[in-house]
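**Q** With chain A's structure known, arrange chain B on it following the hints.
There are 2 protein chains.
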Amino acid sequence: MTIGLDEFEIIRTYFSPLSKGESGAYSLLDDAAKVKFNSSSSTIITSDLMVSGVHFPLTEPANYVAARLLRVNLSDIAAMGAVPVGYTLSLALPDNINIEWISSFSKGLAEEQELFGITLLGGDTTKCSSEMVLSVTMFGEAKDNSVLLRSGARVGDEVFVSGYIGDAFLGLSILQEETVDSYNKTHRYLINRFRKPSPRLELGEKLIGIATSAIDVSDGLISDLGHVCSASMVSANILFDKVPVSKAAKLTAFKNENIRKSLITAGDDYELIFTVPSNRSGIVKNLSLELGINLTKIGNIVNNKNSQLVSAFDLDGNIISLDRTGFRHF
Amino acid sequence: MTIGLDEFEIIRTYFSPLSKGESGAYSLLDDAAKVKFNSSSSTIITSDLMVSGVHFPLTEPANYVAARLLRVNLSDIAAMGAVPVGYTLSLALPDNINIEWISSFSKGLAEEQELFGITLLGGDTTKCSSEMVLSVTMFGEAKDNSVLLRSGARVGDEVFVSGYIGDAFLGLSILQEETVDSYNKTHRYLINRFRKPSPRLELGEKLIGIATSAIDVSDGLISDLGHVCSASMVSANILFDKVPVSKAAKLTAFKNENIRKSLITAGDDYELIFTVPSNRSGIVKNLSLELGINLTKIGNIVNNKNSQLVSAFDLDGNIISLDRTGFRHF
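As you go down the protein sequences, you meet chains A and B in turn. The opening position of the first sequence corresponds to residue 1 in the working numbering, with each subsequent residue numbered one higher. The opening position of the second sequence corresponds to residue 1001 in the working numbering, with each subsequent residue numbered one higher.
Bound-form chain A, shown alone (with noise of 0.2 Å):
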């Protein structure tokens, strides 16, 4: 069936129950949501919108969007500071969608609310007429009104940042190769990568009055430590090869200088970039073992002598230029 008539219907049988969890939502059925925040933490708010082709493959799974949409939007709230509560969703919906679709659209938001402990609290749903279009504000709170910001980096500060990078930049270049018949491991590891990002809430909170800044990676590593930089009117060299990359990332992209070069300047991991002064390093290296998250020195933050925010060097201490280049347009 396609939507139309029907929207209370479905509002009521999918969506409503996501928004058990606070009475002020009142089930989705009124004009808004009323919600009391904690009084002694401020309210974070972020918004991350999603355009079907643009953000991920028209063929995706409906709750592999879902959990993307979410992750995505936590992860801000991750690289803030704060721990998330609740979020709206609106929707635009092309004419044909069925109701599969949103059946499982709203069972991977259901398992999402349940991992991160949030609940739906409002939204919209109307209907358009070619793209997706999938629209989250998330709201946390900031506790003691604490946050990580991108202005605080200082001249002097070492470059971290978790996990891996380049995993979802490869793992969306399989799911767009439509050739590839059946994944293998390494495959499944890298879509899986692109489709779960895991923001990093736990990493974040802990990173209060530690770090000096915090982004996520979004845009791309050189590109988001471009807007620290540029918000701390200071820039940034970078070890390449310190860059830390998955053994499935190797296995598939090492072959290829090229694609190496490109998981640095591509985005999606969603893992956090942050800066702490030095002597804070010992800090971080318990920090890791504490939450079992790799958190790599890949840098140190420097006088911003010219335009060139962000540098990145060989071991030899040779410049590598990088074809992609948009982290200057800011």
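Any given hint could be a false lead.
Where chain B lies over chain A, by a calculated footprint (3+ residues, C-beta under 8 Å) [to be verified]:
#1 27-41
#2 81-91
#3 111-123
#4 141-151
For the record, the hints were derived by calculation from the structure and aren't laboratory data. Quick reminder that beta carbons are idealized off the backbone N, C-alpha and C, glycines included.
**A** Okay, now just chain B, sitting in the frame of chain A:
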């Protein structure tokens, strides 16, 4: 010019200034906004999404699109009896959008922010390939934590509506008639009612403690009153001839009986429908004088005896059959 690499420049030039009222918006350059909501109030959250070609004609000037987008969301805040505070804005813009459009759109936002005392708190901008999708999440404060709900209507309550019904439908029809070369005064009034609906914020606030339920007219008088009835488990009888219609609408529509009927099933007026116990109708009369807004009694709440949520009658007590009965489907 088209958007693309200069996305950040666009944010800095056109959208950052709109966030000046809130230091926690970090000039829209961080991952999220940090907002401290008033701890003695509850926070009201509502989301509305607009798609070009579906919710407004593609030919609409950008400043009017901005005004309508905010006002539609403000109307949901009004229908809860709350006071607006700020909003997040997510945009999916086609590649061929030009800088003049964005400039005019941001000017429209700035004017509305000034008028309604609200601030841009954050958002997201992305590309799409065809339709423009505009998504707003609006925040308000419910003083003393009290709100107007849809679910409070009781048998015997009187049904009121603010302003005039049907203007926006006629205004949109005129905009869509490409044969119209020059608009007369009547046309201009009706078009303006579509482009710049008046969210009834002051009225909503005053109705706290007086009205038993409220909703804004977005889907149409019959359909939206049906939402109230459904949530309150009652029915409503309305007198067709009592539905308030503007002079301009009468001039334009009353030659045609079918168009006249359409006025009460078409939406977009963003007037408030509310129910009041009959012993409080004097208070409503005083409120109408105080605010200078027409508040018209159009019917009564009755027992819900069958599936018909809203019935319309003529002055002789004969039931009026309406073509569009979409309101029965939820």
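**Q** Confirm or reject each hint.
**A** Outcome of the hint check:
1. As drawn, the stretch 27-41 of chain A meets chain B at 10 residues by the rule of a beta-carbon pair under 8 Å; at three or more, the given contact holds.
2. Only residues whose beta carbon comes within less than 8 Å of a beta carbon in chain B count, and the stretch 81-91 of chain A has 5; three or more means the coverage holds.
3. A count of 3 residues in the stretch 111-123 of chain A with a Cβ less than 8 Å from any Cβ of chain B is obtained; the coverage claim is therefore met, three being the minimum.
4. With 6 residues having a Cβ less than 8 Å from any Cβ of chain B, the stretch 141-151 of chain A passes the three-residue criterion, so the hint holds.
The structure shown violates none of the earlier numbered hints.
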